[in-house]
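There are 2 protein chains.
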Amino acid sequence: MPSYRAPVKDTLFVLDAIVDLQGHAGLPGFAAATPDTVAAILEEAAKFCEEVLAPLNLSGDIEGCTRHDDGSVTTPAGFKAAYAQFVEAGWGTLMADAEYGGQGLPYVIGMVMQEFLSSANMAFSMYPGLNDGAQAAIEAVGSAEQKHKYLPKMVTGHWTGTMNLTEPHCGTDLGLIRTRAEPQADGTHKLTGTKIFISAGEHDLNDNIIHLVLAKTTGAPDNVKGISLFIVPKFIVNDDGSLGARNAVKCGSIEHKMGIHGNATCVMNYDGATGYLVGEEHKGLRAMFIMMNAARLGVGIQGLAQGELAYQNAVAYAKDRIQGRALTGAADPAAKADPIIVHADVRRMLMNGRAFNEGARALALWGALQVDLSHKAATPQARQQADDLISLLTPVIKGYFTDKGYEIATESQQVYGGHGYIREWGMEQFVRDARIAQIYEGTNGIQAMDLVGRKLGQNGGRGTQAWLALLNGAIADSKRDERLGFITAPLEKAVGDLQASTMWLLQNGMANPDNAGAGATAYLHMMGIVALGHMWLLMAKASFAALDAGSDDADFHNAKLITARYYAARNFADVAALRAKLEAGAETMMALPVAAF
Amino acid sequence: MPSYRAPVKDTLFVLDAIVDLQGHAGLPGFAAATPDTVAAILEEAAKFCEEVLAPLNLSGDIEGCTRHDDGSVTTPAGFKAAYAQFVEAGWGTLMADAEYGGQGLPYVIGMVMQEFLSSANMAFSMYPGLNDGAQAAIEAVGSAEQKHKYLPKMVTGHWTGTMNLTEPHCGTDLGLIRTRAEPQADGTHKLTGTKIFISAGEHDLNDNIIHLVLAKTTGAPDNVKGISLFIVPKFIVNDDGSLGARNAVKCGSIEHKMGIHGNATCVMNYDGATGYLVGEEHKGLRAMFIMMNAARLGVGIQGLAQGELAYQNAVAYAKDRIQGRALTGAADPAAKADPIIVHADVRRMLMNGRAFNEGARALALWGALQVDLSHKAATPQARQQADDLISLLTPVIKGYFTDKGYEIATESQQVYGGHGYIREWGMEQFVRDARIAQIYEGTNGIQAMDLVGRKLGQNGGRGTQAWLALLNGAIADSKRDERLGFITAPLEKAVGDLQASTMWLLQNGMANPDNAGAGATAYLHMMGIVALGHMWLLMAKASFAALDAGSDDADFHNAKLITARYYAARNFADVAALRAKLEAGAETMMALPVAAF
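Heads up: the protein sequence lines correspond to chains A and B, in order.
The numbering of the first sequence is this note's numbering, which starts it at 1 and goes up by one.
The numbering of the second sequence is this note's numbering, which starts it at 1001 and goes up by one.
Calculated directly from the structure, the hints in this document are not laboratory data.
The model shown is predicted, which means the values in this text are computed figures rather than measured ones.
Note that CB positions come from ideal geometry on N, CA and C, so glycine has one too.
Each computed PhoX-like pair below joins lysine-lysine, with the alpha-carbon atoms no more than 20 Å apart: (1) A:K479 - A:K541; (2) B:K1225 - A:K336; (3) B:K1190 - B:K1250; (4) B:K1080 - B:K1153; (5) A:K190 - A:K250; (6) A:K225 - B:K1336.
Just the calculated beta-carbon pair ranges, DEER-fashion: (7) B:I1322 - A:A469: 38 to 46 Å; (8) B:K1336 - A:A545: 52 to 60 Å; (9) B:L1506 - A:A489: 25 to 33 Å.
Please work from the sequences and hints to get the whole structure.
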């Protein structure tokens, strides 16, 4: 049976060394996040995730969800009780606005919680996870009445939300959607159409499901400019908050998926269902992107979360499994063989996981801080810069984290040899679960196009400039400490390659947009390696400082420094290779006639 | 539903341009492989694979195998009838020796068949696949009586063979095995123990199963030097060839695996089962490696096969799926959107698949030719060189092909977006099936250690020198044609990096063996990229020659040249990055104390 321990200690280190949570205590919501409170929340969250959710991960995968003839869906055994505990403990309320019953804590803390939940049980975590995105959309563009009608129950988790975008014939290209919304005399709409891949679209965990649905109103333009967003509750909510009639929306079937079996991925049939316009008509896509951006960060975290989970189990196995001898001589001569952690190639896979996970955790929480700052920083300039930075890095966090999370899960599975391929060990599930994160909320190819085609040059490249300035500032700063040379030097070279590639894209993408498309994924990966390198530089600096100050946890900081050195030694070389690929351009990629494939 | 078309045309090109099958017509068995005969065999093989096996691939995955209380196993619906057709058509007899009822065709042809079978239905292909390895072992070390007793029925496929190595506590480190073999007065042994992960260990496809089992005889050294190999038939074979008593070996359970569900992976319980020593006592491991080496090439082909299958389906989907617009302007203005093959990032994934598959097919068949030459070449020197070359490249073909096969299957799945995650499209199965090939027959980490720790320096580096001489010869030769500069130049640089890394390993692996372990996987990948580069150089040269000669299939050769250019533009840069990783050495990888993980 696989196991999971929430990385509380490492998280607290990042919240201190990278996020500087205390340094932001003057901002709304941050004052409540004192070190003691945060430590207590994380310990409680860890306990819930480790003891309640993690034990349901394998069994939930094996059992999956069941749809009944009436369209109802049963989640795996134990999910309903665990969800009740989730609601009872108020885990859904952490980040939400106090006005709707939330605790108003920083988004950073919510991000930590997302990682723990997703590691412990990714399929389970998506029930509350989708709820977060739906709330964000209602909060951003809903009317005051809608907010007060839906948000309090969604915040507590008594109701959950969903996002209904995809249809059988369209996913990325939402201009093609066919779901229609006919206006009614009472101001409501009747929605008719089929949505697919709806995570948590139907389940038995709680009382009501609030579907957020993209549709075209009668007479709307038949393209992205004709899309509107609707609230379609499973049960109509009466004005007094009680539940009324069952709405004409049903789960038509559950998809048979590669993984996340414990989450019901539904085909949803809307058959004249009552819907309520949210925000302005024809502005649905903008509203959807509010949801989507938050969701994309959350999906990035899923990559990290599966990487962390797989890494932890691989470490345990590598320490336990006795097989062969160390190349440098028996490590345990009295035993018949050594544990496989003595082998460099096994270490390689473990250190890859460790270096990615810790670096990604730092970047995720640094990114979450930017989300907080974009709303709460003291000056408009600071809010703007934070928003610029997180806009730029959202596709990187989504795309790079999930590509790497899958890779780390796969490598961790490899540590197990044949046992990794067998269900009972759990590793193959982590790979299957991790795989979806590269696909949904915009495939990683779409993330790369978003990065290169929009984010990079947005507002005259303001965000890109701000980020590069941060990087160059950190490099210049760290040059004063020669102990940091092991990472400062290769990071500086990598930033140089990244800047050169940026120039190349600007020049050659203009001449032929396919050059941008051809290099987009390479560029996203370059940014990911550099962004994690930045975090590793900052963490190494913090650990040196802690050791210099006589930290009583020297082992932790020494391990951090070894991992930083591993990251520096083994990752930056890829940046130059990616640059070469990017600068190879689109020509050989596009030359083959379609008929010749 | 996924589909499959055997790549007959590309295979025939490789058999001509790379293998030069006709040029070897003077060798035993090759004379029969005339162009017409080979084309006819490939067409028939394609038909069987496409029409009989491929349609059972998805259904076999969904249904899986069932073990009954008596230990018997039922394979998925349709497998038994398909296997009967396989036997009826004599597909198992292609490569086998005429003495045992085989057709004695070159191993090259058998390798082609393995690719087609494995693409069409990997789980099915492993029933005859394991049989090939078992035959090889009996042929190599069995007595004349054993050969005549078992091989004829195994060659036809009326019986199948298995390989029983792994036990619950040991896989790679076979010195630890506990299965015992007690000598009996009649010269037989009684075997007792448990073997796990036994592919095709029990099934309902035919009459008898010939298990080849590693065990320690009474009083044998309790390490690798005490291992012997035994034949343990499911039904004892009487001297007249008829089947006798049911032997005391049973399938205790079937593993729940990530993929290859249609193949029964069994726990086999030996309970005083009658076994017959094959080869010398205590020399079992050597005999097992005979099986293993052939099996490792076969597993490498599985990587290619899943890459090919996934690529083909991704191409079909990318041509068919309408979504978004080409960045360079609508490709099909009359339609509501363009097929996604217009997008560079989709092309990138497809071209990665194409460039790997075609390059790998060339290397696989070139490698298979070396196997043939190692047995059949005219001079001892030529046989020696062929054996040296295939010994060196076997871990590369196994390790690199399967790592890339998984990557290509994953990227091809990515082309499908969300649909790729859904079972009915088949893509997620290809990823799950491909995954095992990185693990079994020695994990890819073990392949890398075999390459760096044994093959590289074997016989004073004779094989390595021979291979590098071939590469440098091909490069020098192609410099005379400047049209080949696009690949000659980067290949030459990559070979330079590889040679430098070889020197680095020799120098630093001596000082600290962990440096060899730390760089082994990087080195294996460098060799893979270079070896495929070599093949692409040869193919490009052949296609230029064909075009120069006025080929009537210019489209084929132009496509080949475009793919060669893509390979050259996008792959060699990784060699320098891998060299940097390798030369980073073991220090940061091994520095973390075990307790700190």
